[in-house]
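Peer 1: One-letter residues, chain by chain:
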Amino acid sequence: SQTIHQWPATLVQPVGSPLSLECTVEGTSNPNLYWYRQAAGRGLQLLFYSVGIGQISSEVPQNLSASRPQDRQFILSSKKLLLSDSGFYLCAWREAGATKTQYFGPGTRLLVL
Amino acid sequence: AQSVSQHNHHVILSEAASLELGCNYSYGGTVNLFWYVQYPGQHLQLLLKYFSGDPLVKGIKGFEAEFIKSKFSFNLRKPSVQWSDTAEYFCAVAGGGADGLTFGKGTHLIIQP
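Note that the protein sequences, when read in sequence, are chains A and B. Going by my numbering, the residue at position 84 of the first sequence is 84; the numbering climbs one at a time, nothing skipped. Going by my numbering, the residue at position 34 of the second sequence is 34; the numbering climbs one at a time, nothing skipped.
Chain A extracted, bound-state conformation (with noise of 0.2 Å):
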């Protein structure tokens, strides 16, 4: 079965520290890969989607990026944190092709101070 896994679970930064949130997924191959944010009082907002290694497209300007340098990994960075930056980060997978669902991990809370 498949399962997806995100770390840290919870960061703190100050204001201007870079960010690197880690993304997994096991058990597929060649998923579509998704970050998205909830920041307070507001729902998920997609970040980033990658339908392969290298190919990453955005959603939303903003300080961050992604990077997808494995099939199954995916990562999202900043160089120097805003305070806008805190919320709650999730990322999530689906198969390739037809089905629409997408899986979703446990989520990272980041407080930027």
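Pairs of lysine to any residue residues, derived as SDA-like cross-links and limited to a Cα-Cα distance of at most 25 Å, are as follows: (1) 105/B to 61/A; (2) 49/B to 106/A; (3) 58/B to 99/A; (4) 105/B to 18/B; (5) 49/B to 22/B; (6) 105/B to 84/A; (7) 105/B to 41/A; (8) 80/A to 112/A; (9) 105/B to 60/A; (10) 69/B to 99/A; (11) 49/B to 28/A; (12) 105/B to 112/A; (13) 58/B to 1/A; (14) 61/B to 1/A; (15) 49/B to 88/A.
These are computed hints drawn from the structure, not numbers from a lab. The structure presented is a predicted model; accordingly, all values stated were derived computationally and were not measured.
With chain A's structure known, arrange chain B on it following the hints.
Peer 2: Leaving out everything else, chain B in the frame of chain A:
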């Protein structure tokens, strides 16, 4: 661009009460709709989905939802809630890049014993 609106942000019910959570969407393409649930301390997980066919779909734990195309709605229902249904519920529509999901802001449901 697609959007999802959930009418109730906080709902408090007693056990055995009936539940209906409203969800309206805006999307011009083929509709793929979802309800996800996040129980305290757990991953966001799929409750049910609608892709095509019978507009009344059944999900896990006795939940169901009805797709009404003319009203652009996909309301979630359960005839008799239990204390264990306490959770955050999210309605979503697929249609972003690579069929990324657009979520509503969520409904925090509290069931009182």
